[in-house]
Structures are given as C-alpha cells and as structure tokens.
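Peer 1: Protein sequence lines correspond, in order, to chains G and L. Start counting the first sequence at 1; every next residue gets the next number (the working numbering). Start counting the second sequence at 1001; every next residue gets the next number (the working numbering).
Honestly, the hints are just simulated from the structure, not real lab data. Quick reminder that beta carbons are idealized off the backbone N, C-alpha and C, glycines included. Please note that the accuracy of each hint is not assured.
Among the chain L residues that face chain G by a calculated CB cut under 8 angstroms, a handful are [claimed, not checked]:
#  : residue
1  : Cys1013
2  : Phe1028
3  : Phe1039
4  : Ser1043
5  : Thr1049
6  : Ile1093
7  : Thr1106
8  : Ile1107
9  : Gly1110
10 : Glu1111
11 : Gly1112
12 : Leu1115
13 : Val1117
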Amino acid sequence: DAKTTQPPSMDCAEGRAANLPCNHSTISGNEYVYWYRQIHSQGPQYIIHGLKNNETNEMASLIITEDRKSSTLILPHATLRDTAVYYCIVRGTNQAGTALIFGKGTTLSVSS
Amino acid sequence: GAVVSQHPSWVICKSGTSVKIECRSLDFQATTMFWYRQFPKQSLMLMATSNEGSKATYEQGVEKDKFLINHASLTLSTLTVTSAHPEDSSFYICSALPGEVRSGNTIYFGEGSWLTVV
C-alpha cells in the first residue's frame, strides 16, 4: 500500500470547517483513499472513502486532487465531539481482503 | 453503518491466567476479521488476520501460541490471551470485512477491549 503523510496535529474552532490534508504521492491507480477517526478509548470509526471522484456523506466530504497525489477530508461544521485522531489510509484493490494499516494520523482538537 | 461488537469492553485478570475477547459482526457476515493492539499514545498495530474456517495469519513478532485466534463462524472471532502478563495489558480492537472480498469494501471496527493484567 502507498504511504500517507498527515500533519501530526490541527486545531479548529467549533462551528468552522475542519480541513484535514493527506499526502499520498505514491498512490497507484487501483488504490482507494480511506478515512477513519478514533475518539479516545474507542475503536476507529469509518468516515468516508473514494477512488477518483470527490465523495460526500452525512459525516464529511472527501476531495481528491486530479492527480490523486493528495486528498482533503472536510468536516463542514466541526463540533467538540469531532475531537479525535484522523487516519488517512490507502488500500489497493489487489489487497481487498487485507487489513487496514494505520499510520500516526492527525490529532484534531476542536475548541469552543 | 455495519455494527461490530466486542465483549468484554474491559477486563482485569491475574498474571498467568488466560482471557478471551469476542468479536461479533451483528448485522453482516464476515469471512475475514482482523485483530489489532494499541498501546497508550500509539497507533493501532495489526496482530493477525482471521479467516472463517481456517487458521489465522499472524504478523511478524506476534506469538501465535500466546494469542490464540478462532474464527469458527461468519459472525464470530475470538482472541484468547494465554498466560497473560502485565506487558500484555493493552487496548485490543477487532475489525470485520463484510461479505465477499472485493475492492472498495469498507472495514468496520469494534469498540475495543481494555485488558489489564495485574
């Protein structure tokens, strides 16, 4: 799987949009970009994933650059409950049955 | 989303005893489940991959005789920590892959189980 690079920490004011970047410059054509988050002392929670096109669901939006070398997870209106570690993971179609490998992620702190 | 449940949420056991942690997929069948361990302030570390009806595949450095994994049905995998020692104290997390294996599948995680060995 391609490696990802994320900033170790970010701050965001409550009610504002949180934009979490992820660099995956070595991503190959068959690799998806997945985002999970882990709130303290809980298991990771699935947020969103995509291949080429931008994706949106009730939790967040995923913006993938045209060259697919980076992506941004957007939480449109951050709340205190969004404080968590956010993980960006790439995973190939040839590894559909394999586990997600976690890096260090970005610790997002939302404050009032 | 799909639900994965772990039990117990937390357990305290005496050094030298064994403890079992269950992972269940509640609303889907999972041919593949994964077990992770997480120490404080660290990321999740994959321990093993569990496939229904076959032996688990362990990551390098994980003792298969100490961490026994059984995936007897499509909705249940168990992790047994045998002869537990204080250094085994950790947060254990399972995840499950729904249905047939195909690209773009979403993997869902349990709530995690805290193990403290005293």
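Peer 1: Decide, hint by hint, whether the structure agrees.
Peer 2: Hints, one by one, checked against the model:
Interface hint status for cysteine 1013 (chain L): violated, as the beta-carbon distance to the closest one in chain G is roughly 19 angstroms, over 8 angstroms. Interface restraint check for phenylalanine 1028 (chain L): the shortest CB-CB distance to chain G comes to about 13 angstroms, outside 8 angstroms, so the restraint is violated. Interface hint at phenylalanine 1039 (chain L): violated, since its Cβ lies 13 angstroms from the closest Cβ of chain G, which is beyond the 8 angstroms cut-off. Here the hint on serine 1043 (chain L) is kept, as its CB sits about 5 angstroms from the closest CB of chain G, short of 8 angstroms.
Among the interface hints, the one on threonine 1049 (chain L) holds; its C-beta lies about 6 angstroms from the nearest C-beta in chain G, closer than the 8 angstroms criterion. This hint holds: isoleucine 1093 (chain L) has a C-beta 5 angstroms from the nearest C-beta of chain G, less than the 8 angstroms allowed. The closest approach between the C-beta of threonine 1106 (chain L) and any C-beta of chain G is roughly 6 angstroms, which is under the 8 angstroms cut-off, so the hint is satisfied. Taken as an interface hint, isoleucine 1107 (chain L) checks out: its beta carbon lies about 6 angstroms from the nearest beta carbon of chain G, inside 8 angstroms.
For glycine 1110 (chain L), the interface hint holds, since its Cβ comes within 8 angstroms of a Cβ in chain G; the closest pair sits about 5 angstroms apart. At its closest, the beta carbon of glutamate 1111 (chain L) sits 5 angstroms from a beta carbon of chain G; the interface hint therefore holds under the 8 angstroms criterion. This hint holds: glycine 1112 (chain L) has a C-beta 5 angstroms from the nearest C-beta of chain G, less than the 8 angstroms allowed. Residue-level restraint check for leucine 1115 (chain L) is violated (minimum Cβ-Cβ distance to chain G is 13 angstroms; threshold 8 angstroms).
Nearest Cβ of chain G to the Cβ of valine 1117 (chain L): about 18 angstroms, over the 8 angstroms cut. The hint is violated.
Going down the numbered hints, you'll see the structure goes against 1, 2, 3, 12 and 13, while the others check out.
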